[in-house]
Amino acid sequence: MRGKTILLVEDDRNDEMLTIRALKSNNISSDVVVARDGVEALDYLFATGTYAGRDTRVMPEVVLLDLKLPKLDGLEVLARMRTDERTRMLPVVILTSSKEERDLMDSYRLGANSYVRKPVDFSQFSKAVGQVGLYWLVLNEAPPKVHGRSS
Amino acid sequence: MADAMAVPRTPLRLDKMVPLWRNPHFLIIGFLLILLGVVYYANYLHIADWAPVGKSFFTVDYPHDIHRALFLIPMLYSAAVFQLRGATATSFVVLCMVLPYGFYASPNADPTARAVGFVVIAGLASVLLALVQNRRLRLSEERDFVSALLDTAEALVMLLDTQGRIVRLNPACERATGYSSEEAKGRYPWDLLLPPERAGQFRTHFQELVAGGPSSRLETTFLTKEGDRRHLILSDTSLAGHEGTVDFILCTGIDVTEEKRAEEERLRLGSIVESSDDAIIGKTLNGIIESWNSGAERLFGYSAEEAIGRPISFLATPETVHEIPAILARIRNGERVEHYDTVRLKKDGTQVNVSITVSPVLDRFGRIVGASTIARDITERVLVEEEIRRLNEELDERVRERTSELRAVNKELEAFSYSVSHDLRAPLRSIDGFSQALLEDCTDALNDQGKDYLRRVRASSQRMGELIDDLLSLSRVTRSEMRREEIDLSQMVKSIAAELQKREPEREVQFEVQEGLTVTGDTQLLRVAMENLLGNAWKFTSRKECARIAFGQTEYDGTIAYFVSDNGAGFDMAYADKLFGPFQRLHSTEEFGGTGIGLATVQRIIHRHGGRVWAEGAVNRGATLYFTL
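Protein chains in written order, with my numbering: chain D, 1 to 151; chain Z, 1001 to 1629.
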């Protein structure tokens, strides 16, 4: 699984640590790129802002996207991703605390590939993250790489 | 009127007198005279001395008395057939007895002379008779005329004799009473025609007439053969013979039943109109007021004298006066104007809100001859309507305010729940996660007590997570939209039961589900409610060996109620009302798990469906949760 990247969009440091810990404890050793808000996530994906000059041909294998984020929230990030050719087919897993019907509906409507609720119980949380990683990084066949028109 | 009363003209027969020689009685008298003349001439009576006897009136003189008696035969006959009576008859007979002497025609010895004398004198008597005869004929002609008149007259005519017996009824009377003249003949009118209470009055009246009282009018009632009661105005007169004695009583009546009924109807209608609270105004097609009831006096303040003769437009306000010609035009077209709300002026100058209905008035030929206006004071109604409108507007305004307030509150609540949903759980996850990390990574640094503490920290944070989730689902129950549809509750219960069984396959629980119970409600919400109810039953029977859970329908206070009952731990009825409060628990968490939100959720769902939920139970004897929808 080396060489595969996960983009984790998470503003909560604790959750970030716990997620990475969960990934690790499930033997998923991919690179985890962390974006702390929606803007940073988009910067990374589209190689703008602090990530200017990044090769956009290299895209993460999966995006773990929290919904409640500073600046741009997760749904907006998702919407922007789905309008751009380069990220249109990128797998996005919503990883969030809420199970509000509204959030579920909006996420799927905007093209989320999966919706996982973070349980309070860390054991369960760890299990869930592990399964997500396993599924999207190992089992799932990613779409063919799109060669973005990088500037 | 002349047309209506026209009687078909009957030919007067006074000018068609029967000639004397064609009167059969007269011929018989002539025949008798000739017969007796022959008796004298043939000298059939062998009387010794027919010699003349001077003028001894009063001496009994056998042959002369026979002569006079013979003389009397035709005379009495004629008196009888021509109905000479009383003084006329007496004087005639005396005349006949005296005549032979007067003319010295007393028995002559010579039979020829006797015969000639008899016939000549009897001839003279005939002339006398003829005069009487003539008068009699005239009288009979008059009677023919009268009967023709009676036969065709519309008036009811009844002829009574002096005893009061009916002699005849005219056809109009026959038609009116239902009796034929033949049937009635000889009966007394007070037996036959008059109702008992009127009989005495008529009898008295009749006797006055017979005794020569003046003809008079009498209003009475009579009964027809069928028993109908009809009103009659009688005008009675006595018919005297030409001798001046009362022969007959002629009762002439006019059947006024219809008029009387019409009159009564008119009075009744009149009193209705008069007693009406509404103003009822009659007017011509030009709008001139013709009638004005007391309701109109009360409504407009004008008396009938003030109003009648004035144009109806004097009641209109300057703003509404244009309505009058339009209304009258519609009336002339035969249309009705119904419940037209407008404003009119009262005498004191104030305005009054009225609802008017104007209808054409028709005469008996269906021609529109006027209009009737019924006006009702609706000031009060208008005020009430305005008040209602005002209140409604106020209410609308208040509802709008409340709605927007509610909407704001709801929005806030939603934002709050959303925030809780996202933010409140994150720290818990950290507490739990790092406690776990601590346990895993620093297990050597912790003694058993420290590990136990950390496990307690984790357990508490997990429980808090559950509480948050339940709270959110409770608030979702309140916030979510209702979609009513037909639901097979029995089916739903069975599927939930199957799920529960699947979750804990090791438990043996007997489910009794009444089949075919369908209700109308929101599927999702009712499922949450049923899940909670059955979940409770499942939970509280966990310590029973033969757990039994039943679902069914029953009747409670006349309404259909559904129930979920179990034979589990039950509860103390003293706390029954606490069951439905959020976070209310009657058992410790150690005994039975749960957050205490379940029944609060059930109650909210049932309330949202307009139903009621309550519980019955006893400690260790199970519980039954009832609800209506």
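If you're looking for bench data, these hints aren't it; they were derived computationally from the structure. Careful, some of the hints might be misleading.
Calculated lysine-lysine pairs in the PhoX-like style (CA-CA distance at most 25 Å, straight line) [said to hold, decoys possible]:
{"id": "1", "chain 1": "D", "residue 1": "K24", "chain 2": "D", "residue 2": "K127"}
{"id": "2", "chain 1": "D", "residue 1": "K127", "chain 2": "Z", "residue 2": "K1451"}
{"id": "3", "chain 1": "Z", "residue 1": "K1502", "chain 2": "D", "residue 2": "K127"}
Please read these numbers as outputs of a predicted model, since none were measured by experiment.
Going down the list of hints, with the structure as the test:
Simply put, K24(D) and K127(D) have alpha-carbon atoms about 11 Å apart, close enough for the 25 Å limit, and the pair holds. A hinted pair counts as satisfied when its Cα atoms are at most 25 Å apart, and K127(D) with K1451(Z) qualifies at roughly 22 Å. In summary, the hint linking K1502(Z) to K127(D) is supported, as the alpha carbons are separated by about 23 Å, within the 25 Å threshold.
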